[in-house]
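Engineer: So the chains spell out like this:
Number of protein chains: 4
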Amino acid sequence: MNDILNKRGFASDNNSGVHPTVMEQIMKVNRGHAVGYGDDPYTDEARSVFKEQLGSDTEVFFVFTGTAANVLGLGGMIRSWHSVLSADTSHINSDECGSPEKIINCKVLTVETPDGKLRPEYLSKHMHGFGFEHHSQPKVISISQSSEMGTVYTVDEIKALADYAHSNDMLLHMDGARLSNAAVYLDLPFRAFTTDAGVDILSFGGTKNGMMYGEAVCFLRGGMPSGFRYLRKQSMQLASKMRFISAQYIAFFKCNVWKECAGHSNNMAKMLEKRLREIKGVKITQKVESNAIFAQMPRKVAQEINKEYFFYPWNEETDEYRLMTSWDTTEEDINTFSDKLAILVENSPGDGEALIR
Amino acid sequence: MNDILNKRGFASDNNSGVHPTVMEQIMKVNRGHAVGYGDDPYTDEARSVFKEQLGSDTEVFFVFTGTAANVLGLGGMIRSWHSVLSADTSHINSDECGSPEKIINCKVLTVETPDGKLRPEYLSKHMHGFGFEHHSQPKVISISQSSEMGTVYTVDEIKALADYAHSNDMLLHMDGARLSNAAVYLDLPFRAFTTDAGVDILSFGGTKNGMMYGEAVCFLRGGMPSGFRYLRKQSMQLASKMRFISAQYIAFFKCNVWKECAGHSNNMAKMLEKRLREIKGVKITQKVESNAIFAQMPRKVAQEINKEYFFYPWNEETDEYRLMTSWDTTEEDINTFSDKLAILVENSPGDGEALIR
Amino acid sequence: MNDILNKRGFASDNNSGVHPTVMEQIMKVNRGHAVGYGDDPYTDEARSVFKEQLGSDTEVFFVFTGTAANVLGLGGMIRSWHSVLSADTSHINSDECGSPEKIINCKVLTVETPDGKLRPEYLSKHMHGFGFEHHSQPKVISISQSSEMGTVYTVDEIKALADYAHSNDMLLHMDGARLSNAAVYLDLPFRAFTTDAGVDILSFGGTKNGMMYGEAVCFLRGGMPSGFRYLRKQSMQLASKMRFISAQYIAFFKCNVWKECAGHSNNMAKMLEKRLREIKGVKITQKVESNAIFAQMPRKVAQEINKEYFFYPWNEETDEYRLMTSWDTTEEDINTFSDKLAILVENSPGDGEALIR
Amino acid sequence: MNDILNKRGFASDNNSGVHPTVMEQIMKVNRGHAVGYGDDPYTDEARSVFKEQLGSDTEVFFVFTGTAANVLGLGGMIRSWHSVLSADTSHINSDECGSPEKIINCKVLTVETPDGKLRPEYLSKHMHGFGFEHHSQPKVISISQSSEMGTVYTVDEIKALADYAHSNDMLLHMDGARLSNAAVYLDLPFRAFTTDAGVDILSFGGTKNGMMYGEAVCFLRGGMPSGFRYLRKQSMQLASKMRFISAQYIAFFKCNVWKECAGHSNNMAKMLEKRLREIKGVKITQKVESNAIFAQMPRKVAQEINKEYFFYPWNEETDEYRLMTSWDTTEEDINTFSDKLAILVENSPGDGEALIR
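Residue numbers (the numbering used here), protein chains in the order written: chain A, 1 to 357; chain B, 1 to 357; chain C, 1 to 357; chain D, 1 to 357.
Each pair may be met inside one copy or between any two copies, as identical chains are not told apart.
Calculated lysine-lysine pairs in the DSS-like style (CA-CA distance at most 25 angstroms, straight line): (1) Lys270 <-> Lys259; (2) Lys287 <-> Lys259; (3) Lys300 <-> Lys125; (4) Lys340 <-> Lys300; (5) Lys259 <-> Lys159; (6) Lys28 <-> Lys7; (7) Lys283 <-> Lys125; (8) Lys340 <-> Lys307; (9) Lys287 <-> Lys270; (10) Lys270 <-> Lys7; (11) Lys340 <-> Lys280; (12) Lys7 <-> Lys340; (13) Lys125 <-> Lys159.
Worth flagging that the hints you see were computed from the coordinates, not collected in a lab.
Make the full structure from the sequences, and use the hints.
Structural biologist: As C-alpha cells, then:
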C-alpha cells in the first residue's frame with residue numbers, strides 16, 4: 001500500500017491532503033457541544049469572515065462539494081424553465097454528471113471557447129426566445145474563475161459579462177472552485193473580481209486548496225433567495241456537525257491558508273511550465289495563469305510516465321494532457337518528473353514531432 | 001463565546017464532537033497524495049471492513065449525510081412511481097424536508113405507531129393498488145433502527161417485516177443512523193439484525209456516533225443497483241477527498257469506536273432514565289432502549305432548564321420532550337441536570353401533575 | 001365488439017361520451033386556420049367566459065387532464081419544499097400515481113376523514129414545523145368539490161378552510177373535476193363557492209361532465225404565477241390545436257352543457273340511491289350529494305352483477321363499492337340494474353346480512 | 001373575428017384543423033360507454049393498427065402532445081444520468097422549453113448541422129466519458145424524421161446512425177412529428193425507415209397531419225419499458241376518454257388520412273418552392289423534401305406580407321423564414337401568396353439583393 005500512497009502526481013489538486021493549519025483548527029473546535037446544522041458560534045464566525053471578504057450583503061451557506069455549491073447556488077435563483085449559459089468545458093456542463101439537470105431540472109447551454117473563458121460575443125447564439133414559452137429562458141451566465149483550462153478572467157472581462165447578463169435581465173454566476181488561485185494570479189482581493197465586478201452568485205471553493213471538505217454558496221447581492229435553506233436541506237447538503245466545515249473556512253481566511261496554498265500551487269505550475277517548455281516534443285497549449293498546465297506530448301511517453309506520476313488525458317484525439325499542481329506539490333516533484341519526461345521524449349520515436357499539429 | 005460552547009445539553013447526539021480515535025485516524029491518512037473520489041487504498045480498506053461486518057455481498061457507498069444515505073439508498077432501488085411505507089415519525093418522512101420527494105420523486109406513505117416501530121399489520125391500509133397505473137406502487141418498507149422514538153426492533157420483528165415485504169415483491173430498507181446503539185442494546189453483531197434478518201438496503205450512520213461526517217449506503221443483496229455511482233455523483237454526494245470519510249469508518253470499526261460510543265450513550269440514557277423516573281411530575285413515555293428518552297414535564301420547567309441544558313420539544317400539545325444522550329455525555333451532565341430538574345419540578349405550581357394526561 | 005360497447009355501467013363518469021352540443025361546437029370551430037397554442041380567438045373567448053363565471057381576476061390556462069390541472073395549479077404556486085394537505089381519499093393523493101411528487105417534487109400530507117371532506121380541526125397534526133428547515137413547509141390545503149366520496153362542501157365549510165389556510169399563510173386549492181355537480185347540488189353560481197369563498201387555485205373539470213378532453217387551471221386571485229406558461233409547456237400540457245379545447249368550454253358554459261349534464265347525473269344518482277335503499281342487504285355508506293353512490297353489498301353479488309354492469313370496488317375489506325352516474329345515464333340503466341341487483345341479493349346466501357358491519 | 005379566422009398562412013401545420021375523415025371517426029365512436037384510460041375496444045384496434053404498420057413487436061402508448069411523445073419515449077428508456085444527443089435544431093432541444101430536463105432530468109447534448117440531420121461523424125465530440133461517473137452517459141441518439149429543417153433521412157442514413165448507436169450500446173430515437181411527410185417523400189412503408197432501419201423508440205405524430213390531438217409513443221423492439229404505464233400516468237399523459245385518440249389513429253391509418261394529408265402538404269411545398277424560386281430576391285436555403293420551406297427574403301417584405309399571411313422568422317440575423325404547408329393548404333393560398341410576394345420584393349429597395357449573403 002505504501003507504494004501507492006507515496007505515488008505523487010499531477011492528477012488533481014484534490015489528490016492532496018489537508019493543510020496542517022486547517023487540520024489544527026478542526027481539532028481546536030472539537031471540544032464540547034455545539035448545536036448542529038449551523039446554529040453554532042463557529043459558523044457565525046465563518047459567516048462574518050465571508051462578509052469581510054466579499055461584502056456585507058453576502059449571504060453564505062456551506063455545502064459539501066463544489067458540485068453542490070454550483071448547483072444549489074444556481075438552484076436558489078432560477079427555475080426549471082430557465083437555461084444557464086456556460087463554456088462547454090465548464091464543470092457544471094462536463095463534470096457533474098448532469099447534476100444541474102437532475103437537481104434544478106434546468107437546461108445548460110454551451111459554447112465552445114479557445115481557452116475556457118466566455119466572452120459576450122460567444123453567447124449571442126443562445127440569446128433569443130425570451131418570452132417565448134416554447135423555449136427555455138436564458139437566465140444565468142456561468143463562468144469559472146480560474147477556468148477549467150487554467151486561465152483567469154480579468155476584472156474587466158468579468159465586468160463585461162456582468163453587464164451583458166444584467167442588461168438581458170440575467171445573472172452572473174461564478175464557479176470559484178479555484179478562486180484563490182485566481183486571486184493570487186490577479187493579485188487582488190476576492191471582492192474586487194467578484195462582488196465589485198458584478199458577480200451575483202459565487203461558489204467559493206476550499207477543498208481543492210487545502211481544506212478537507214466543504215464549499216460555500218455565496219449570494220452577493222443581499223438577501224437569501226426565498227426558501228434556500230429548505231432547498232439545501234432537501235438537497236442533502238445540510239451538515240449536522242457544521243462546525244467542522246466552518247472551522248476550516250475560519251483557518252482558510254484568518255490564517256491566510258488560501259494565499260499560501262494557492263500561491264504555492266501557482267508557483268509550482270509556473271515552474272513546471274518552464275521545465276516543460278524546455279522539452280522539445282512537449283507543447284503547452286494554454287496560458288498558465290493558475291495551477292493547471294495543458295500540454296501535448298507523445299501518447300506512449302504519457303503512458304510510460306503515468307506509471308509513476310498520475311495525471312489525466314484531456315483530449316485523447318489530440319494527445320493533450322492536463323497537469324494540476326497543488327498546495328503540496330514540491331520542487332522535487334517537478335524536477336524529478338520533468339527530468340524523466342525529457343528522457344522519455346528524447347527516446348521516443350520521431351521525437352514526438354508527429355503529434356504537434 | 002465560551003459560555004455557549006461549554007453549554008452542555010441533550011439536544012441531539014450530533015451536538016457532540018468527534019471521538020479522538022476517529023480524529024487520530026483522519027490525521028493518519030493526511031499524508032501524501034491519494035486519488036480522489038474513492039479510488040484510494042483507504043476507501044478500499046473501508047469497503048472491506050463493511051463486507052466483514054455485513055456480509056461479503058455488501059456493496060457500500062459513502063455519502064455525506066444521513067438524509068443522503070436514506071434517499072440515495074432508496075433511490076438506487078426504486079423509481080418515481082413507487083411508494084415507500086414508513087412510520088409517520090420516520091426521519092425520511094418528518095425530518096428531511098421532503099428530500100425523497102425532491103430527489104427520488106417518489107411517494108412516502110405513513111402510518112401512526114405507538115412507539116416508532118412498524119409492524120406488518122399497520123401497513124395493510126397501504127397495500128393495495130398493485131399493478132393499477134393510477135396508484136403509486138408500494139415498493140419499500142422503511143424502518144429505523146434504533147427508531148426515532150428510541151426503541152429497538154428485535155431480530156424477529158425485523159424478519160417479520162422482511163418476510164412481509166418480500167412476499168409482496170417489496171424491499172426492506174433500514175435507516176441505521178443510530179444502528180450502533182441498536183447493536184449494543186441487542187448485543188448482536190450488525191449482520192444478525194440487518195443482512196441476516198432480511199434487510200435489503202441499509203443506511204449505516206457514523207456521524208451521530210463519534211464521527212465527523214460521512215454515512216454509508218449499503219446494498220446487502222449483492223450487486224450495485226444499475227447506475228448508482230452516477231446517481232450519487234449527480235446528487236452531489238461524491239466526496240473528492242474520500243479518504244477522510246473512509247478513514248473514519250476504518251477507525252469506527254477496527255478500533256471499536258462504534259461500540260464504545262454507542263455503549264456509553266446507551267448507558268447514559270439508562271442512567272438518565274433512572275434519575276428522571278425518580279422525579280414525580282416527569283413521565284417517561286417510551287421505552288428507553290437506545291440513547292433517546294422521551295419525557296413529559298411541565299412546560300415552564302422545560303423552558304427554565306432549557307436555558308442551561310438544550311433539548312427539543314417533541315410534541316408541544318402534550319408537553320413531551322426528547323432528550324438524547326451522546327458518546328460524550330458525562331455522569332456529571334446527568335446528575336447536574338437531574339438535580340436541577342428535580343428542584344424545578346418540585347417548585348413548579350401543581351407539581352406538574354396537571355400535564356400528565 | 002358490439003356487446004362490449006353496449007355494456008352500460010357505473011364505473012366512472014368518464015366512461016360516457018361527449019355531449020352532442022360540445023361535439024357540435026368542436027365541428028363549428030374546425031374551419032380555416034387558427035394560430036396554435038392558444039393565440040386564437042376561440043381561446044380568447046373561452047378565457048372571457050371563465051372570467052364571467054369566476055371573476056375578472058381569474059387567469060385560466062387549459063391543460064389536458066384533471067391530474068394536470070391539479071398538479072400544475074399547485075405547481076404554479078408552490079416549491080418542492082412545500083407540503084400540500086389533503087384528505088387521504090383525494091385524487092391528488094390516491095389516483096395520480098404520485099404525479100405531484102414527480103412533477104412538483106413536493107410532499108402530500110393526508111388526514112383520514114369520514115366523508116372525504118377536510119375540516120380545519122383535522123389538519124392540526126400537520127400544522128407545525130413552520131420555518132424549521134428540516135420540515136416540508138405546509139403551504140396549501142387542497143379539497144375536492146364535489147369530493148371523491150360524492151359529498152359537497154357548503155360555502156361556509158369552504159370559507160372556514162380558506163380562513164384557516166390564509167391565517168397560516170397558506171393557500172386553498174380546489175380540485176373541481178366534478179365542480180358542476182357541486183354547483184347543481186348547492187344551486188349556486190360557481191363563483192359563490194370558489195372565488196368568493198376564498199379559494200385561490202381551482203381545477204375546473206369538463207371531461208367528466210360531457211366534454212371530450214381538456215381541463216382548466218384557474219388562478220382566482222389575479223395575476224399569473226410567474227413563469228406558469230413555461231411550466232405548462234415543459235410539463236407537456238400545451239395543446240397545439242388549442243381551439244378544440246376552448247371550443248368545448250365555450251359550449252360548456254354558453255349552452256349550459258355543464259348544468260344539463262351535472263343536473264342529470266345528480267338526478268340519476270338520487271334515483272339510484274332510492275332504488276338501492278329499497279334493497280335489503282345493500283347499504284348506502286355516504287350521503288348522496290352529487291353523482292357518486294357508495295354502497296356495501298355482498299361480494300358475490302357484486303361480482304355477478306359486474307359481468308353486466310361495470311363498477312369499481314372502493315374498499316375490498318369492507319365490500320364497499322362505488323357507483324358513478326353520468327350525463328348519459330338513463331332511467332332504464334338504473335331500473336334494469338336495480339331490479340337485477342335486488343334479485344341477486346335476495347338469492348344470495350345470508351341475504352348479504354353478514355357484510356353489514 | 002371572421003377576418004382573423006379566415007387569415008391563411010404558413011405559420012405551422014398545426015394551424016390547420018382536423019381532417020373530415022378523422023372528425024367523422026370521432027363522432028362514430030361517440031356512442032355508449034367505453035371503459036376509460038385505454039381499456040376499450042377502440043384502443044385495442046388502434047394498437048393493432050400500429051403493429052401492422054411498424055411490426056408485431058411494437059408497443060404503443062398514446063399521449064397528448066408531440067413533446068410528451070418525445071419526452072416519455074425517452075423517459076421510458078433512460079435515466080437521469082444519461083444524455084441524449086441531437087441536432088441543435090431538434091424539437092427536444094429548442095422547442096420543448098426544457099421538458100426533457102424537467103421530466104427525465106437528463107442532459108441533452110447537441111451538435112450543429114447544415115440541414116437538421118445528424119450524421120455519425122458529427123457526434124464524436126460527445127462520445128466519451130463512458131463509465132466515468134463524473135460525466136452524463138451518452139445513451140440515445142435522437143433524430144427527427146422529417147427534420148425540423150424539412151429534410152428527410154434516407155434509409156441508409158438512418159441505418160448508419162442506428163449502427164453507430166447500437167455499437168456504442170446506445171439507442172436510436174426518432175421524433176416523428178412529421179413522419180408521414182417523410183414516408184410520402186421516401187415512398188416507403190413506415191416500417192422500412194423505422195423498425196427495419198434500426199430505430200428503437202419512435203414518436204409517431206398525428207396532430208400536425210390532420211388529427212385533433214394525440215400522439216403515439218412506439219417502442220419498436222418488443223416489451224414495454226418497465227413501469228412505463230406509471231410514468232405516463234404520473235406525467236399527466238393518460239387520457240381518460242382514450243377512445244377519442246384511438247379513433248383518430250384508426251381513421252389515420254385505415255382511411256389513409258396520413259397519406260392524403262402528407263401527400264398534399266408535400267405537394268403544396270414543392271409548388272410553393274417552385275413559385276418562390278421564380279422570385280429574384282428570395283432564396284431557398286434548404287432542400288424541400290417535406291412540407292417546410294426555408295427562405296431568405298428582405299425583412300421589410302416579410303413584415304409586410306406577414307400582415308396577410310402569417311409565418312415565423314427562423315433566423316433573424318440572416319433574415320431567414322420558415323414556411324410550412326399543411327394538409328389544407330390550397331393552390332390558391334400559394335398563388336395568391338406568391339403573387340403578392342413577388343410584387344413586394346420587386347418594389348423593395350435594392351430588390352432584396354443586399355440580404356442574400
